[in-house]
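Construct the entire structure; sequences and hints are all you get.
With the sequence shown counted from 1, adding 221 to any position gets you our numbering.
Just so you know, these hints were derived from the structure itself, not from any lab.
For each residue, glycine too, the CB sits at the ideal point set by N, CA and C.
If a hint is listed, it holds; no wrong ones were tucked in.
Using C-beta positions, here's what the derived DEER-type ranges look like: (1) L298 / G403: 28 to 34 Å; (2) R456 / V278: 32 to 38 Å; (3) N497 / A309: 32 to 38 Å; (4) G341 / R609: 46 to 52 Å; (5) G569 / D525: 21 to 27 Å; (6) H666 / L469: 37 to 43 Å; (7) G569 / A520: 28 to 34 Å; (8) R374 / R339: 15 to 21 Å; (9) D591 / E654: 24 to 30 Å.
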Amino acid sequence: MRVAIVESSSAIGANCRPIGYNRRPGQGADVYEEGRRFFISSYSLPTGWQIEQTDAVAAPPLAAVDAEVEIRLSTPLNSLPLADLCSANTNVVIVCDRAPMDEARLAILRGVLSHLERAGIAPQRVTLLIAAMDDETPNYAEPPHGVHATLDRLGDYASRIHVVQHDPEDVRELDNMGNFEGVPLTINYRAAEADLLIAIYAMQLGDDAYCAGSCTTITLGVAGAPARRELRTTRFYDDCIEPSELDLPLFQRVVREGARRAGLMFAIGALVDANNHPLAIYAGAPINVDDALANAARALQECDVGAPSYDVVLAEPSRSGRTSGSLFDAGLAAIHISLGRNPILMRGGSLILPIGRRDDDGASARAFYDALTNAPSPESVIRQLQGRSLQAGEARAYLLAHAMQRHRLIVAGPQRECLARDIHFLSSSSVREAAELAENFTGKHPRALIVRHALSTTPVFRGALFTRDSFDGREFAAPRWN
222 MRVAIVESSS AIGANCRPIG YNRRPGQGAD VYEEGRRFFI SSYSLPTGWQ
272 IEQTDAVAAP PLAAVDAEVE IRLSTPLNSL PLADLCSANT NVVIVCDRAP
322 MDEARLAILR GVLSHLERAG IAPQRVTLLI AAMDDETPNY AEPPHGVHAT
372 LDRLGDYASR IHVVQHDPED VRELDNMGNF EGVPLTINYR AAEADLLIAI
422 YAMQLGDDAY CAGSCTTITL GVAGAPARRE LRTTRFYDDC IEPSELDLPL
472 FQRVVREGAR RAGLMFAIGA LVDANNHPLA IYAGAPINVD DALANAARAL
522 QECDVGAPSY DVVLAEPSRS GRTSGSLFDA GLAAIHISLG RNPILMRGGS
572 LILPIGRRDD DGASARAFYD ALTNAPSPES VIRQLQGRSL QAGEARAYLL
622 AHAMQRHRLI VAGPQRECLA RDIHFLSSSS VREAAELAEN FTGKHPRALI
672 VRHALSTTPV FRGALFTRDS FDGREFAAPR WN
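Next comes the structure, spelled out in structure tokens:
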């Protein structure tokens with residue numbers, strides 16, 4: 222028997238399609254898209270569900286990265302070209318958000334150094350300052366292994382610039398930029414005293430654009446330890462949990478002010494995919510570059526859906542490919558779906574997260590599991606972490622606990638059931654079992670949305686506020702915003 226899933230009378234977005242499915246004797250309902258199998262058989266859903274699916278359109282990487290960098294440096298956003306901002310006597314500091322070992326950062330650095338050389342600046346006047354951004358990466362007095370060898374391959378000019386790894390614990394290298402919103406703005410003196418301060422960074426598709434960018438590279442990346450600790454306190458995450466439509470997030474306001482006081486004049490950033498291939502590059506005034514990349518990421522991530530809210534969302538905790546993630550990845554996908562600016566999962570709805578791996582061994586994952594298992598409930602997790610400065614894994618646990626207060630989170634797949642329960646997920650062995658569990662909360666005829674690659678896909682409803690659901694005759698008097 223072939224069952225057609227009836228779409229809502231509201232307009233379905235270009236990337237959101239109703240799905241039909243077949244039922245064979247003795248088997249679950251394999252989900253299809255236009256007659257073609259889209260998922261493996263574990264994606265079996267009960268009959269009677271109204272199902273839509275959405276996925277971001279894969280963007281092709283830039284074909285000529287070096288040429289794109291040259292164009293952006295020559296025609297920057299709201300700024301003079303880089304060569305016009307300096308002269309032969311200018312002392313230049315380039316702050317990179319991490320060691321430039323990947324395609325995007327290397328192409329950007331190569332282009333920047335080429336423009337500085339053409340401006341007549343001696344390489345001895347140029348310093349590459351590598352930010353300390355990652356909790357899991359130790360800070361060393363010497364630059365990361367391999368950076369000097371990489372610069373040697375970029376040519377004679379690049380091989381003669383200074384390379385320094387920022388150490389946030391070394392107070393001798395910090396200049397005091399004052400205090401803003403309770404954050405002590407101390408910045409590496411090389412950046413603060415530069416005649417021309419440039420920021421280089423790359424943002425992966427799916428990253429939080431408000432926590433990335435050139436201003437973050439300066440204010441967090443080359444700041445002192447007290448500033449870094451304060452910027453990771455829960456008050457900055459609380460501002461993201463209940464975002465204001467009128468003001469910039471507190472984190473963004475602070476990092477922009479810190480970058481302004483440090484004298485950041487020029488930025489060049491790249492948006493990269495899950496394989497770190499550049500998708501877009503912008504250069505120019507720092508805030509304009511950060512906003513342009515955030516808008517580019519939003520355009521690639523957002524996908525239209527046919528309803529303002531859904532009873533059930535099934536979200537793949539992955540960025541690309543068909544491989545599902547771990548419990549750690551599922552936590553990030555849950556945050557992305559549940560705590561977005563305009564979440565499409567109704568309050569109290571069920572979020573099903575299929576996973577394919579059992580656990581993670583990284584430091585952030587261990588901190589994530591520890592924070593959740595050391596508390597008897599999501600409410601206790603929030604109370605225990607409230608007001609503290611959080612490591613990356615603890616921050617994910619804190620945000621996930623807030624998501625658990627809004628929605629029922631069900632993981633499905635080969636996971637350690639005791640661990641899933643200990644970190645306060647509902648646990649099931651398959652998607653079919655998770656769907657039957659969700660029916661206990663939503664009823665037998667829920668409106669469901671399948672989100673492919675939920676770590677880099679943002680479902681967005683842009684349709685009319687008043688729609689009629691042809692599936693069960695219900696009327697939406699207004700969108701069920703969370």
